[in-house]
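Novice: Sequence:
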Amino acid sequence: MIEPCVGRPLFLALGSSTRANLSIRFHSKVSSVFSQRAMAKTTPSPSPSPSPPTPKKVRHEMELFGDVRVDNYYWLRDDSRSNPELLSYLHQENAYTDSIMSGTKQLEDHIYTEIRGRIKEDDISAPMRRGSYFYYTRNLEGKEYVQHCRCYVPTSGVPTSVYDTMPTGPDAPSEHIILDENVKALEHTYYSIGAFKVSPNNKLVAYAEDTKGDEIYTVYIIDAESGMLVGKPLVGSITSYLEWAGDEALVYVTMDDILRPDKVWLHKLGTDQLDNSCLYHENDETFSLDLQASESKKYLFIASESKITRFVFYLDTSKPENGLVVLTARVTGIDTSASHRGNHFFIKRRSDECFNSELLACPVENISATTVLLPHRPSIKLQDIQLFTNHLAVHERENGLPRISVYRLPSVGEPLERLQGGFAVDFIDPVYSVDPLESEFESGVLRFSYSSMRTPPSVYDYDMDTGISVLKKIETVLGGFDASNYVTERQWATASDGTQIPISIIYQKNLVKLDSSDPLLLYGYGSYEICIDPTFKASRFSLLDRGFIYAIAHIRGGGEMGRQWYENGKLLKKKNTFTDFIACAEYLIDKKYCSKEKLCINGRSAGGLLIGAVINMRPNLFKAAVAGVPFVDVVTTMLDPTIPLTTSEWEEWGDPRQEEFYFYMKSYSPVDNVKAQNYPDILVTAGLNDPRVMYSEPAKFVAKLREMKTNDNLLLFKCEMGAGHFSKSGRFEKLQEDAFTYTFILKALNMLGSEQQ
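With numbering that gives the first Met the number 0 applied, the sequence shown corresponds to residues 0 to 756, in that order.
Hints are computed from structural coordinates only; laboratory data are not their basis. For clarity, every value in this text was computed on a predicted model and none was experimentally measured. Think of the CB as a built atom: it goes at the ideal place given N, C-alpha and C, for glycine as much as any other residue. Be a bit skeptical, because a hint or two may be false.
Pairs of lysine to any residue residues, derived as SDA-like cross-links and limited to a Cα-Cα distance of at most 20 Å, are as follows [as the list claims (entries may be wrong)]:
id	residue 1	residue 2
1	Lys508	Ile427
2	Lys665	Val69
3	Lys591	Ser515
4	Lys674	Leu713
5	Lys574	Tyr661
6	Lys104	Leu748
7	Lys536	Asp481
8	Lys595	Leu748
9	Lys733	Gly141
10	Lys536	Val458
11	Lys202	Thr136
12	Lys708	Ser666
13	Lys211	Tyr240
14	Lys590	Arg489
15	Lys142	Asp179
16	Lys183	Gly193
17	Lys347	Thr369
18	Lys512	Arg489
19	Lys347	Glu416
20	Lys183	Leu203
21	Lys55	Ala94
22	Lys119	Ser448
23	Lys512	Leu748
24	Lys595	Ala494
25	Lys318	Tyr279
26	Lys733	Leu543
27	Lys733	Ile118
Listed next, with one range per pair, are the computed distances between beta-carbon atoms [to be verified]:
id	residue 1	residue 2	range
28	Tyr162	Pro414	33 to 43 Å
29	Ala368	Tyr162	39 to 49 Å
30	Asn365	Thr641	39 to 49 Å
31	Gly168	Asp464	29 to 39 Å
32	Leu228	Lys296	19 to 29 Å
33	Ser666	Gly332	24 to 34 Å
34	Ala368	Arg329	12 to 22 Å
35	Asp464	Glu352	33 to 43 Å
36	Lys231	Pro83	28 to 38 Å
37	Thr641	Gly497	37 to 47 Å
Let the sequences and hints guide you as you build the complete structure.
Specialist: This is the structure:
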């Protein structure tokens, strides 16, 4: 058994952070002032000005390993986000952006109307059966948020089938609205539900609510029929990780003062939050906690993970008061995750030798007796599994593309041996995306989502006995959309070390000439082993239908080509991410997809780091760049363990307290490498409440670019004052952001034409 941690649930009030306790000296001196009048008040926005804001410079020196870095804009960081001078500067930047883009507002509105016109505003998701209910979400015309609904349809004893449908029409059972997010969001400028969990007996719902964009949640438990609150909300520094432990208890995770998920709690209904039991406290600041329910719902799995190590505990949901039990040991470099069926745990295990993971099974009563079900395969990455009473669905990646293999399992109680005879689910498009969806454990029906760059998001039910797939839902795209008008391709660029880098491409076949004259938007990410698969996005067609080519560079640092693809784009190999992206850009130019005068680039968060790095390295290769909430002050951030994510990401970027990492990270950190040179047109965005990339990073980057760049190309900074890392929360608000970005790109390419009139 695990000894519970001592203490009460964490109630966090975010305050000012302190600098890292390092041997770093600093000296501050004000050397200039705002070009516009500083404002003592925090709310009024200054009048638009045709001249960009010039923030004051306060010399701030940081010395480590005998190297002195000077950051004149360090003062822009204010953890309380209340400094009047700072807020005035951000308002000035927003006003300047509005002023520069005011002449294209009519075009922006037109593009927004165009994008919104493709959306069927009144729609429902594919209903999911749980016992006697179908659950789904509903969008209403003109509304920003969804309703969470269910419909009572008694089971007839017939097994679940791919042909099952929720009754509709005048004689159908009535719809019940469990929760209307539109009502909840009325009093907030930002609203997001991070988790919506129905109790096993379908009587209660627990949901996690964020009203600021800072990803700190309040958990409410309500009666599913009446909507009445059950007990008091759970408050404090709570994550969106929560699961039911039976019908009478809830397990949730809280964060420490740097927003690291570090404690897991058991809350019994009818008790005060102060009496909750702490099941585990992770003291190592490089590790964070995760929480998942088994498909069987008999166990919860609590994992503690770093970027290279992951170990798992389990909790019996029928006896949650008994606490956690170790399932897999804490061993550096070993990464495990778990599932459950019958009398066995299934364990996905990754190590240095089995870098693409293997699948093991062990009896619940003898976890040391493991059997290899699927051995490690160097060319196939084991991504995830879904368990059913009689089947196993394995989500894999091969040659950069996702795939699903299905196996029939022996009856519960029979021995498990190495799996043979799995069969694959077939997909049509040359490049596509497939993701697992919640499925009924006791059925033989696998549910998954499928899309491609020209195929709208689709939900399929797959009969694992017959191999029959049935389309349950496809997103309706209005506005005359015809998938046959678009071509999707996969090309391969050669990196500087000879590695072949896949590129996914889409364009409108009747508009694109492929003679170097076409505009192209290239997207990249390349971090955290995240796979940027080619998915459908309705707003993107506002570019494609204007003759754009859209491409995704699947660069190293991501996970598209397996674990080694990630390993070769992190730590002291991080620059491969940037040179891969440049190689993809050069390939697209060489093959006449575009020219450098027509090449635009885009990336968010860690992808914003990519954008910042490559425009420093090769500014003349790109016409325009969009960096969304970019992680651009790499060294300063990673030297400060008081900043969220720093300690947990030393295994991703490196620990700059070590000399080798310090100088390597400094050599690509965008803020540290801005030069006196010409830059492309640039749009940078930020969210004031962003807990992942502090708003001050993009703000400093923009300020330094304004100071150093030697041409008059556009440099715009747009900071959302009431949003976080994921921007505004409403579905139409997000469309407005796309319209703004596309308008900026068209302006940079001088493609406004008659549309701006």
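Novice: Indicate, hint by hint, whether the structure satisfies it.
Specialist: Results for each hint:
1. Between Lys508 and Ile427, the direct Cα distance comes to roughly 19 Å. Compliance with the 20 Å bound is thereby established for this hinted pair.
2. Only pairs whose Cα atoms come within 20 Å are accepted, and Lys665 paired with Val69 is accepted, the gap being roughly 12 Å.
3. Taken as a hint, the Lys591 and Ser515 pair is honoured in the structure, with Cα atoms around 4 Å apart against an allowance of 20 Å.
4. For the hint pairing Lys674 with Leu713, the CA-to-CA distance comes to about 16 Å; that is within 20 Å, so the pair holds.
5. Annotation: proposed proximity of Lys574 to Tyr661 holds, straight-line Cα distance about 14 Å (limit 20 Å).
6. Straight-line distance between C-alpha atoms of Lys104 and Leu748 comes to about 16 Å, which keeps the hinted pair within the 20 Å bound.
7. Between the alpha carbons of Lys536 and Asp481 the distance comes to roughly 14 Å, so the proposed pair stays at or under 20 Å and holds.
8. Proximity of Lys595 to Leu748 is assessed by CA-CA distance (about 11 Å); at most 20 Å being required, the pair is judged to hold.
9. Straight-line distance between C-alpha atoms of Lys733 and Gly141 comes to about 14 Å, which keeps the hinted pair within the 20 Å bound.
10. With a C-alpha separation of about 16 Å, the suggested pair Lys536 and Val458 falls inside the 20 Å cut-off, and the hint holds.
11. Using a Cα cut-off of 20 Å, the hinted pair Lys202 and Thr136 holds, with the two alpha carbons roughly 18 Å apart.
12. Taking the CA atoms of Lys708 and Ser666, the gap is near 19 Å; set against the 20 Å cutoff, the hint holds.
13. At most 20 Å may separate the alpha-carbon atoms for a hinted pair to count; Lys211 and Tyr240 meet this at roughly 18 Å.
14. For the given pair, Lys590 sits about 13 Å from Arg489 by alpha-carbon distance, which is consistent with the 20 Å threshold.
15. Between Lys142 and Asp179 the CA atoms are separated by roughly 11 Å; this keeps the pair inside 20 Å, and the hint holds.
16. Taking the CA atoms of Lys183 and Gly193, the gap is near 14 Å; set against the 20 Å cutoff, the hint holds.
17. At roughly 12 Å between alpha-carbon atoms, Lys347 and Thr369 fall within 20 Å of each other, so this suggested pair holds.
18. The hinted pair formed by Lys512 and Arg489 meets the criterion: a straight-line CA distance of about 18 Å does not exceed 20 Å.
19. With a CA separation close to 15 Å, the supplied pair Lys347 and Glu416 stays within the 20 Å bound.
20. At roughly 18 Å between alpha-carbon atoms, Lys183 and Leu203 fall within 20 Å of each other, so this suggested pair holds.
21. A hinted pair counts as satisfied when its Cα atoms are at most 20 Å apart, and Lys55 with Ala94 qualifies at roughly 18 Å.
22. The hinted pair formed by Lys119 and Ser448 meets the criterion: a straight-line CA distance of about 19 Å does not exceed 20 Å.
23. Distance hint between Lys512 and Leu748 is fulfilled; the C-alpha atoms sit about 17 Å from each other, no more than 20 Å.
24. Under the criterion of a C-alpha separation no larger than 20 Å, the hint pairing Lys595 with Ala494 is consistent with the structure, at around 18 Å.
25. With a C-alpha separation of about 16 Å, the suggested pair Lys318 and Tyr279 falls inside the 20 Å cut-off, and the hint holds.
26. Restraint check for Lys733 and Leu543: satisfied, since their Cα atoms lie roughly 19 Å apart, inside the 20 Å limit.
27. Note on Lys733 and Ile118: the hinted pairing holds, with a Cα-Cα distance of about 13 Å set against a maximum of 20 Å.
28. Range check, Tyr162 to Pro414: about 34 Å between beta-carbon atoms, so the 33 to 43 Å window is met.
29. About 41 Å separates the C-beta atoms of Ala368 and Tyr162, a value consistent with the hinted range of 39 to 49 Å.
30. Under the hint 39 to 49 Å, the C-beta atoms of Asn365 and Thr641, about 44 Å apart, fit the expected range.
31. Checked against the hint of 29 to 39 Å, the C-beta distance between Gly168 and Asp464 comes to roughly 30 Å, which is consistent with it.
32. Between Leu228 and Lys296 the beta carbon distance is about 24 Å. The supplied range of 19 to 29 Å therefore holds.
33. In this structure the hint that Ser666 and Gly332 lie 24 to 34 Å apart at CB holds, the actual value being about 27 Å.
34. The hinted range of 12 to 22 Å is satisfied by Ala368 and Arg329, whose Cβ atoms lie roughly 20 Å apart.
35. Distance hint for Asp464 and Glu352: a CB-CB separation of about 35 Å, consistent with the stated range 33 to 43 Å.
36. Roughly 36 Å separates the CB atoms of Lys231 and Pro83, a value that falls within the hinted 28 to 38 Å.
37. The hint said 37 to 47 Å for the Cβ distance between Thr641 and Gly497, and at roughly 42 Å that hint holds.
Hint compliance for this structure: every hint is met.
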